[in-house]
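There are 2 protein chains.
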Amino acid sequence: MTTPNNRGVTLNLFVTYQIEASCETIQEIADDICIEQTVEVVRQLAQDSWIQENILGRAEEISLIETTHHPSSNNIYKVIISYPDKIIDYQLPQLLSVIYGNISLKSGIRVVGLEFSSDFLSHFSGPGFGVDGIRQLIAVENRPLLATALKPMGKTSQELAGLAYKLALGGIDIIKDDHGLVDHSFCPFKERVQECLSAISKAEGKTGKRVLYFPNITDSYEKMWEHAQWAKDLGVGGFLVSPLIVGLDTMRYLADNLGLPIMAHPALMGTLFSGISAEIVLGDLMRLAGADMVVYPNYGGRFPFTEEICQKIGHALKKGMGRLKTAFPVPAGGIDVKSIKILKQFYGNDAVFLIGSSLYVCSSNLAASVEDCIQAMLEI
Amino acid sequence: MTTPNNRGVTLNLFVTYQIEASCETIQEIADDICIEQTVEVVRQLAQDSWIQENILGRAEEISLIETTHHPSSNNIYKVIISYPDKIIDYQLPQLLSVIYGNISLKSGIRVVGLEFSSDFLSHFSGPGFGVDGIRQLIAVENRPLLATALKPMGKTSQELAGLAYKLALGGIDIIKDDHGLVDHSFCPFKERVQECLSAISKAEGKTGKRVLYFPNITDSYEKMWEHAQWAKDLGVGGFLVSPLIVGLDTMRYLADNLGLPIMAHPALMGTLFSGISAEIVLGDLMRLAGADMVVYPNYGGRFPFTEEICQKIGHALKKGMGRLKTAFPVPAGGIDVKSIKILKQFYGNDAVFLIGSSLYVCSSNLAASVEDCIQAMLEI
Chain A
1 MTTPNNRGVT LNLFVTYQIE ASCETIQEIA DDICIEQTVE VVRQLAQDSW IQENILGRAE
61 EISLIETTHH PSSNNIYKVI ISYPDKIIDY QLPQLLSVIY GNISLKSGIR VVGLEFSSDF
121 LSHFSGPGFG VDGIRQLIAV ENRPLLATAL KPMGKTSQEL AGLAYKLALG GIDIIKDDHG
181 LVDHSFCPFK ERVQECLSAI SKAEGKTGKR VLYFPNITDS YEKMWEHAQW AKDLGVGGFL
241 VSPLIVGLDT MRYLADNLGL PIMAHPALMG TLFSGISAEI VLGDLMRLAG ADMVVYPNYG
301 GRFPFTEEIC QKIGHALKKG MGRLKTAFPV PAGGIDVKSI KILKQFYGND AVFLIGSSLY
361 VCSSNLAASV EDCIQAMLEI
Chain B
1 MTTPNNRGVT LNLFVTYQIE ASCETIQEIA DDICIEQTVE VVRQLAQDSW IQENILGRAE
61 EISLIETTHH PSSNNIYKVI ISYPDKIIDY QLPQLLSVIY GNISLKSGIR VVGLEFSSDF
121 LSHFSGPGFG VDGIRQLIAV ENRPLLATAL KPMGKTSQEL AGLAYKLALG GIDIIKDDHG
181 LVDHSFCPFK ERVQECLSAI SKAEGKTGKR VLYFPNITDS YEKMWEHAQW AKDLGVGGFL
241 VSPLIVGLDT MRYLADNLGL PIMAHPALMG TLFSGISAEI VLGDLMRLAG ADMVVYPNYG
301 GRFPFTEEIC QKIGHALKKG MGRLKTAFPV PAGGIDVKSI KILKQFYGND AVFLIGSSLY
361 VCSSNLAASV EDCIQAMLEI
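From first to last, the protein sequence lines are chains A and B. For the first sequence, the working numbering assigns the number 1 to the initial residue and increments by one for each residue that follows. For the second sequence, the working numbering assigns the number 1 to the initial residue and increments by one for each residue that follows.
Just chain A, with the same shape it has in the complex (with noise of 0.2 Å):
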C-alpha cells in the first residue's frame, strides 16, 4: 500500500471499500470512484497536474478477495483508496460527502474501513467523559453499567417520574427518556425533566449513589439547543441524541459545547448499513462525533444483529483512535435480565447494559429487580 506521503501530500484518509465486480470492471469502478468522490467530471477536466496530486482520491489497493463460480455473478473485491485530508478539511460532513456521499447512489459498494491520519484525528475532541469520564461521574468501577429508559410514551411526566424514583432507590447508574419521549402535549419536555430530576434527587438523598438522567433532546432544530442548556441548568446527568437523525455534526456540536456526557441512539441508522458496516457507523463515526456512550441492538434480542457485528462495535468504541477517548457500548434491544452475566462475559466491564422491559416486568419491586441486576453483574 502506498504510503501517506508518497504523493506530496502530507496526509490521506485510507477507505476500504468491498466492491462487486468483474475482473474486466474493477479497475475501471475504482477509478470511477476516485474522481465521483472528488472532482465529479470526466477525466479530460482534470487533468491539471496539481489537481492529480492533491485532489483526487488513488486506488492503492485492489485485491480480490471472494470468486464467484457463477458466469452472471460478480466478484468481491476490496479496494482501498486514499483521500487527502485537506479536501476533507477536517469536519464531519465532508467526510460523510467523501467517503460515500454521490456512491451511495450507485449500487454494490460499501465502505467497510476508515483509516484516518492522527492529524485528521487531533481535529476532533471525540467522547468529552469517555468510559473513564463516566465511571468517575457515577462512581462505580468494577462492574458493567445498569441502564434502563422510561417508557412507554403516553405515560404523564408523574408517571415517569414515578419510575426513575423507583429506579434509583435500587441504585440503577442511568436513567435515560425512551427515545420516542419528545415535547409531547401529553408529557412536555421541561415538565418530565424537573419531575424526573427531582425524583431520582430524593432518591438520591436516600440511597446516597449518584443516578445519571439522559433525557432525549432529539427535536426540532429550535429546540434542541434551547433544551438542552435548560436542561443542563437543571442538573442532568446528559443528553440522548439520535445523531443521524439530526445530523452527525450537530450531535458533534453538542458534544463540544455542552460539556455533559452525550448517549447516541441509533434511530435510522440501519439506512446506512448497506452503505457503510454498522462498526463504522457505530464504532468510528460515534466516537468522532463526540458520543460517549452507543446504543445499539444486542444479540439474540429483537433485532438481527449478530454476536460477531456486536464484537466489532464494542472493539470500534474501544480502540486506539489518536488521543480520542473511549466510548462505551451500550447494548439494547430486548435484553434479558436473566443474560447479564453471559453478557458480561462477552462484554467484558466496560459495557453499559440497557435493559427495559424484561427489567421493568421481572418482578412486582422494581427497585429490587435493579438491585438484583446489579448483583448479577458484580459477580463472575
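For the record, the hints were derived by calculation from the structure and aren't laboratory data. It is possible that part of the hints are untrue.
Claimed, not checked - One side only, chain A facing chain B, incomplete, derived with CB under 8 Å:
hint, residue
1, Pro93
2, Gly180
3, Leu272
4, Phe303
Stated by the list, open to error - Stretch-level coverage of chain A by chain B, calculated; a stretch enters the list once three of its residues show a Cβ under 8 Å from a Cβ in chain B:
hint, region
5, 75–89
6, 105–114
7, 214–222
8, 235–246
From a predicted model like this one, the values you see are computed outputs, not experimental measurements. In this text, a Cβ means the ideal position worked out from N, Cα and C, and glycines have one as well.
Mind docking chain B on chain A? Use the hints.
Using the frame of chain A, we list chain B on its own:
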C-alpha cells in the same frame, strides 16, 4: 381502511410499508411495528386503554401483493399503519423516528407511502419559493431551467469565478457550487462567494439576465449558519444543502429562516433507499423540509436510476400536499447536452436540468454552449 376518526384521535399519519413475510408471520410483524415505533415495550406494559387508543400504531390494512411459490421464500405484503399525529409532535426528526427509526435496524421492511393529514402539513412551511417563486426571481416562464455546477474541486476561487462569468454571459439560470466545495484552504468559502458573485454581477450588467448563484453551505454546525447569513447579505441567489448529511430539520430551519431558495443535494441519500423509497426521500420529505429544488440522478446517466423512479420523484415534488408549494425536480448526474429535447419531453417545462461535464466539454466557447442549451429548451 379505517378512517382517521375511528379511534378517538382526530388525525393520523398513514404509512404504507412493504414487508417480506410468510402468511403465518405477517400479522405479528405488523403488530410488532405498531409497538416498536411507538411504545417500545412488551405488550403487557402497554395495556392502558388511553395508550392503546392514543399512542400505539395501528395496522389498518394488510394485503398480499406478491406471492413467491418457492417454499423458502417470503411473500411481499402491503401493510398500512396509522400513527396519531400528536405522537409525531409536528416535527421532522420525530417523523423520521416514528416511520422508520428502530425498524431500520430490522430487515425486510420498507416505507413506500406516506399520507399526511392536512392539519399535520399545516405545521410546515415547505418550499419558501417553489416552482413559481423561482421562476419569478429569474423571470423565465416558458421553458425548463438550465443549471450547472462550478467544478472541479481544486480550482481556485478566481478560476471558478472565471467559469461563472462565462456561464452567466451565456444566460444560464442557476449556478451552484459543486457539492464537494466547502471552506477549503485552496478555495475558501467567503473568497469563492465574493469572486463568483462579482463575476456574475459583471455578466448580468452586460446581458440584463438575472442569474442565481447557490453556494454550498453544507459544513460544520458552527459554520453553516454563519456562512449562510454572510452570503445572504452579499446577495447570493440561494443555498445548496445536503440535508441527509446535516440533518433534514437543519435544512428546514435554514429554509424557514433565511428567506432564500434552497437546493437539496442527495449526497448519502442512497443509503436510505433500502428502507424508504426514493420518491418519498427525494419527494415528500424534501418538500416538507423546505427544498425549492431537489437534485437527483437522472435515468441513463452514471447512476442506476430508472425512468420510473425519476417520474415518481418528479410527481412527488409537484403533487398536491396541503398548502405546500411545488418544488423543481433537478435531474443531474451525467446529463448530455444532446439529450435536452428528450428530457424536456420527459419532464415538461417545470424542471431544472443540471448539466456539468457535458456542458463544459461540448465546445471551447462556454457562453455559446449555454446559449445553445437554452435555445434547445425553447424548441418543442
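Legend entry - Violating hint indices (sorted, rising): Failing hints: none at all.
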